[in-house]
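K.L.:
Spelled out from the first residue to the last, the chains are:
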Amino acid sequence: MFKHVLIPTDGSGPSKKAAKAGIAFAKAIGARITTYHALEEHQPIYNARFRKDLEMNKQLVDCNKETGSDSPRETVLPK
Amino acid sequence: MFKHILIPTDGSPVAAKAIKAGVKLAKEVGAKVTGYYALPPLEHLYYGDSYILDRRRIAEFERGTREAGQKHLATVKNAAVKLGVTYTSLMTKVASPYIGIVEAAKKQKCDAIVIASHGRGSLSSLVMGSVTQKVLAHSKIPVIGYR
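As they're listed, the protein sequences go chains Z and W. Reminder that position 51 of the first sequence reads as 50 in numbering that gives the first Met the number 0, one-by-one numbering, no gaps. Reminder that position 76 of the second sequence reads as 75 in numbering that gives the first Met the number 0, one-by-one numbering, no gaps.
It should be emphasised that the hints constitute simulated quantities derived from the structure, not laboratory data. A couple of the hints might just be wrong.
Restricting the straight-line Cα-Cα distance to at most 27 angstroms, the calculated cross-link-like pairs of lysine-lysine (DSSO-like) are [what the hints assert, rightly or not]: (1) W:92 with W:133; (2) Z:26 with W:23; (3) W:92 with Z:16; (4) Z:26 with W:105; (5) W:2 with W:92; (6) Z:2 with W:81; (7) W:108 with Z:15; (8) W:92 with W:106; (9) W:133 with Z:15; (10) W:139 with Z:19; (11) Z:2 with W:92; (12) Z:26 with W:31; (13) W:92 with Z:26; (14) W:16 with Z:26; (15) W:31 with Z:16; (16) W:108 with Z:16; (17) Z:19 with W:108.
A few chain Z residues that don't get close to chain W, going by computed Cβ distances all over 10 angstroms [as the list claims (entries may be wrong)]: (18) 1; (19) 5; (20) 10; (21) 11; (22) 12; (23) 14; (24) 15; (25) 20; (26) 27; (27) 31; (28) 33; (29) 37; (30) 54; (31) 58; (32) 61.
Every beta carbon over 12 angstroms from chain Z, so not counted as near; a handful from chain W, in silico [claimed, not checked]: (33) 55; (34) 64; (35) 76; (36) 132.
Model, not experiment: these values are computed from the prediction. Glycine is no exception: its CB is placed at the ideal position from the N, C-alpha and C atoms.
Model the full structure from these sequences, guided by the hints.
P.N.:
Written out as structure tokens, the structure reads:
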């Protein structure tokens, strides 16, 4: 039936629950999974709080580095 | 994983594809299936102001929709019998099909719904059908919108 299941996550509680269910589902039907996390792009706004903005941007980049990678991670679950 | 899958149908060709997929999935995970058909309410034609509504016509309409439902549900039954999947069916008269589908899933204690991504609508091959969208929005259990 299904051979490959995409499991997107944003790291939230409901998304974790869905990921768990998705993995159980993939295992039950013998499919492989690809996890996906969309990196957020921060649009800097140039105003009086410019400095703060730059700082936020840096934080976001760090956060993205921590939570995601450019290539999806693939796992094959044994049936 | 899933123990009991609800497969609603409106008798359209896309629904037939979803039925096939749903039954196959049920077979793979060892679930049973329930086929569901929502009986439509009286067509507008029947209560428009230039139409005389009588009991006979209502009865005719109801018989017609029930017969259609039996026919559509037979598709689910045949698919289930072919793959040796345990099968039941349900038909209820509701104001809107999505209500019937969500209620049927609750009543039958289903743990998943496999539904076609769209049904009879015309534009619908591009977007999710309205019934499927509403089922997704109102269902408490996982929904697979089959494309």
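K.L.:
Does each hint fit the structure? Answer for all of them.
P.N.:
Now for the hints, and whether the structure bears them out:
Using a Cα cut-off of 27 angstroms, the hinted pair residue 92 (chain W) and residue 133 (chain W) holds, with the two alpha carbons roughly 17 angstroms apart. Restraint check for residue 26 (chain Z) and residue 23 (chain W): the C-alpha separation of about 16 angstroms stays at or below 27 angstroms, so the hint holds. Restraint check: the Cα-Cα separation between residue 92 (chain W) and residue 16 (chain Z) comes to about 34 angstroms, which exceeds 27 angstroms; the hinted pair is violated. Restraint check: the Cα-Cα separation between residue 26 (chain Z) and residue 105 (chain W) comes to about 26 angstroms, which is no more than 27 angstroms; the hinted pair holds.
Restraint check for residue 2 (chain W) and residue 92 (chain W): the C-alpha separation of about 26 angstroms stays at or below 27 angstroms, so the hint holds. Between residue 2 (chain Z) and residue 81 (chain W) the CA atoms are separated by roughly 22 angstroms; this keeps the pair inside 27 angstroms, and the hint holds. With a C-alpha separation of about 24 angstroms, the suggested pair residue 108 (chain W) and residue 15 (chain Z) falls inside the 27 angstroms cut-off, and the hint holds. Taking the CA atoms of residue 92 (chain W) and residue 106 (chain W), the gap is near 14 angstroms; set against the 27 angstroms cutoff, the hint holds.
Proximity of residue 133 (chain W) to residue 15 (chain Z) is assessed by CA-CA distance (about 24 angstroms); at most 27 angstroms being required, the pair is judged to hold. With a C-alpha separation of about 17 angstroms, the suggested pairing of residue 139 (chain W) with residue 19 (chain Z) holds against the 27 angstroms cut-off. A threshold of 27 angstroms between alpha carbons decides the hint, and for residue 2 (chain Z) with residue 92 (chain W) the separation of about 37 angstroms lies outside it, so the pair is violated. For the given pair, residue 26 (chain Z) sits about 19 angstroms from residue 31 (chain W) by alpha-carbon distance, which is consistent with the 27 angstroms threshold.
Straight-line distance between C-alpha atoms of residue 92 (chain W) and residue 26 (chain Z) comes to about 38 angstroms, which puts the hinted pair past the 27 angstroms bound. Restraint check: the Cα-Cα separation between residue 16 (chain W) and residue 26 (chain Z) comes to about 24 angstroms, which is no more than 27 angstroms; the hinted pair holds. Proximity of residue 31 (chain W) to residue 16 (chain Z) is assessed by CA-CA distance (about 24 angstroms); at most 27 angstroms being required, the pair is judged to hold. A distance of roughly 21 angstroms separates the Cα atoms of residue 108 (chain W) and residue 16 (chain Z); the hinted pair therefore holds under the 27 angstroms criterion.
Among the hinted pairs, residue 19 (chain Z) with residue 108 (chain W) is consistent with the structure: their alpha-carbon atoms are about 21 angstroms apart, no more than 27 angstroms. Not every Cβ of chain W is farther than 10 angstroms from the Cβ of residue 1 (chain Z); the closest lies at roughly 8 angstroms, contradicting the non-interface assignment. The Cβ of residue 5 (chain Z) lies farther than 10 angstroms from every Cβ of chain W, with a closest approach of about 13 angstroms, so its non-interface assignment holds. Against chain W, the non-interface label of residue 10 (chain Z) holds: every CB pair exceeds 10 angstroms, the least being about 20 angstroms.
Separation of residue 11 (chain Z) from chain W is adequate, the least Cβ-Cβ distance of about 17 angstroms exceeding the 10 angstroms criterion. Annotated as non-interface, residue 12 (chain Z) keeps its C-beta farther than 10 angstroms from every C-beta of chain W; the closest such distance is 17 angstroms. The beta carbon of residue 14 (chain Z) is kept farther than 10 angstroms from every beta carbon of chain W, the shortest such distance being approximately 14 angstroms. Annotated as non-interface, residue 15 (chain Z) keeps its C-beta farther than 10 angstroms from every C-beta of chain W; the closest such distance is 15 angstroms.
Consistency note on residue 20 (chain Z): stated as away from chain W, yet its beta-carbon is not over 10 angstroms from all of that chain's, at 7 angstroms minimum. Residue 27 (chain Z), annotated as away from the interface, has a beta carbon of chain W within 10 angstroms; the closest lies near 4 angstroms. Non-interface call for residue 31 (chain Z) relative to chain W: holds, since the shortest CB-CB distance, roughly 15 angstroms, exceeds 10 angstroms. The Cβ of residue 33 (chain Z) sits about 18 angstroms from the closest Cβ of chain W, beyond the 10 angstroms cut-off, so the non-interface label holds.
No beta-carbon of chain W is positioned within 10 angstroms of the beta-carbon of residue 37 (chain Z); the least distance is around 21 angstroms. At the 10 angstroms boundary, the C-beta of residue 54 (chain Z) stays outside the reach of chain W, the nearest C-beta of that chain being 39 angstroms off. Here residue 58 (chain Z) stays apart from chain W, with its beta-carbon at least about 35 angstroms from theirs, past the 10 angstroms limit. Residue-level check passed: residue 61 (chain Z) sits 35 angstroms from the nearest beta carbon of chain W, beyond 10 angstroms.
In this structure residue 55 (chain W) is separated from chain Z by more than 12 angstroms, as the shortest Cβ-Cβ distance comes to about 47 angstroms. Interface exclusion of residue 64 (chain W) from chain Z stands, the closest Cβ pair being 32 angstroms apart, more than 12 angstroms. Distance to chain Z confirms residue 76 (chain W) as a non-interface residue, since its nearest Cβ pair spans about 20 angstroms, more than 12 angstroms. Every CB of chain Z is more than 12 angstroms from the CB of residue 132 (chain W) (nearest about 18 angstroms), matching its label as outside the interface.
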